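Work the whole structure out from these sequences, hints included.
First to last, the sequence lines map onto chains A and B.
In the numbering used here, each number is its position in the first sequence, counted from 1, plus 40.
In the numbering used here, each number is its position in the second sequence, counted from 1, plus 93.
Be a bit skeptical, because a hint or two may be false.
[As the list claims (entries may be wrong)] Reference listing, derived: stretches of chain B covered by chain A, where coverage requires no fewer than 3 residues with Cβ under 8 Å from a Cβ of chain A: (1) 140 to 148; (2) 159 to 172; (3) 192 to 201; (4) 276 to 284.
[Stated by the list, open to error] Cβ-to-Cβ under 8 Å is the rule here; a few derived chain B residues that face chain A: (5) Pro108; (6) Arg175; (7) Leu180; (8) Pro205.
None of these hints come from the bench; they were simulated from the model.
Just so it is clear, the structure is predicted and the values come from calculations on it, not from any experiment.
Think of the CB as a built atom: it goes at the ideal place given N, C-alpha and C, for glycine as much as any other residue.
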Amino acid sequence: MSEALTDLWQSLSPLAQDILWLALLLLPALATGLIVTWGFRPGALAGALLWRFRWTNLTFIALIAISIGIGVGLIAQERGLRKGTARAAEKFDLIVAAPGSEITMMFAAVYLQPSDVPLLGGDIYNEIATHADVDLAAPIAFGDSYLSSPVVGTTPQFVTHLAGELAEGRMFTASGEAVAGSRVELQIGETFEPAHGMGDSAEEDAHAGHALKIVGRMPPTGSPWDRAILVPVESVWEVHGLTNGHSPDHKTRIGPPFDADYFPGTPAILVHANELWANYALRSEFTRDDTMAFFPGAVLAQLHSLMGDIRQIMSVMAVLTQVLVTAGVLTGLIALARLFARRLALLRALGAPGRFVFAVVWTYAATLIVLGAAAGLGAGWIAVDVISSIVTSRTDILVTATLDWPEFHLIAGFVSLTMLLALLPAFMAMSRNIITDLRA
Amino acid sequence: MSLPLHVSDLQVSTPGGRVLLTCTQFQAAPGEVIGLRGPSGAGKSTFLFALAGLHAAMTGHIRWGDTDLAQLSDGARAAFRRNHIGLIFQDFLLFEELSALGNASLATSFNPASKRRSIINTAERFLKSLNVPAEARTVDSFSGGERQRTAIARALAHDPAIILADEPTASLDRKTADGLIEDLIGLTRAQKKTLVAVSHDPHLLERMDRVIDVEDGRLQMEAAGV
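And the structure:
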């Protein structure tokens, strides 16, 4: 039986599963509502109570909305960040570097958060670049900067691989030329002198006299590379007073092939294989004593799976916070119910069944919850937008988070749970002494 | 529906057990109009609420026709009130956010669908005959007299055989109170309802068939059956 149900569930489309799951989560709320109000028309009186204490009720609704909005906003944001980081890494099939920490190297080469790492020499570069399965092998030489932009030495082929056609200008063709990321403030034709290092520890005058000129601009990639300035790797070597990767006979050449004898070293090499399967072979081949090869996507997946646990905890915390806020609101309702206890006692005196008073108070509380949840959905939408823009501007990773089914399910679960909790103030209102309240 | 009242060996207590009222014998014929008079705290309202079956702790018998309210469960007492009793209070106890008709037809919220139409029709009829403003505005802008007339329409809307009124004129000025007395007594007699009203108002009490004094938790003239 359960196997047949599982098969049936699996045969449904993801959309149908999501809709069904939403309906299942809302079912307790709907069932409670139907049972509680069956045979009665508590709407007008619940409406009267809502209007009578409208400012207090608005406060309650706002509290529920804010707690829901922040909760779903954060959860959607976490998913958006995961997608954004994955999108930023998708051009980086395989990275080869000197043995060390894969995570450190991934942050440095993919997300441009540089670290001091050992360099790979020309022999290794050429071994990779001339490998039969390799389509593209590009040095990624980070470490310099201009203001807040990392200056990265690489090859024209990498620029095309990363961003496709340039948005404006042309590719660098000589040492001293540069292509800017889409969010770099320098205009085409402007020159700059790179600093050695990044951030506060950058040495501004270390490369004085080595002016670089912007000749082209990449389209947006949604990654930290939008903030980077890409230069020929030869320029990076030259401003450091090193040989430029080519023999004196070819010293004006830009890009591969490089001469191993004149190759000063690169912290990382991006490798793009000509076939998907070849990536795995290359990773095995270059995982050895003097090199480390890894898939940034796989490292990221490990990080995400770690974050997956955090996400579950976040979801539970979000629901818990919302339930706590609602419990607070319901406690407020119990206090508020004392204010309209006389009207409720009147209903009993007029012959209303206890269950009707129960239905009025429950409908009143349920309306607050539904309105709060609906407003929370709106607040979540706004929160997602605001947090996305903050995260995007802080990390340079384009995060386009939107509310999706998991958030709708979360809200539906919240509504059902709290509508069950709302039975408590309703029960307490029903159990009061009629005469005492009538004479209050 | 004709519902004679017969109270015997009634004792009403607080939930804590303190005796509030005793009544060994009291009777009222259907259609009688009876006043309850006495000093504050004497037990008039307690007796009135007991007749409505609102007190939880009661022993003895309160028979309206064949129904002994004192012996019924809370739910059954509520059902009896729903069908046979209309209540009027000193301070009206209206829902300020509803219109006159919304208040007068309040019982439609908890009565079965089959009764709703007749409740609304009756409420409209009484509101009209009592000259209550019929527009949609809420009753919070009404005068005291208009509010109490709305409350009377509410008490009569489900066509009960019994009207129980607790100081119906106490919150009104003399002129408004006199007008209300005319309406209340006039309607009650015209509709052949039984009316029991607690009041200090001599203008109301002088229109009663008989007046019972209540003192120290006892009905003073009950044996005489005046």
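Review point. So which of those numbered hints doesn't the model satisfy?
Key: 4
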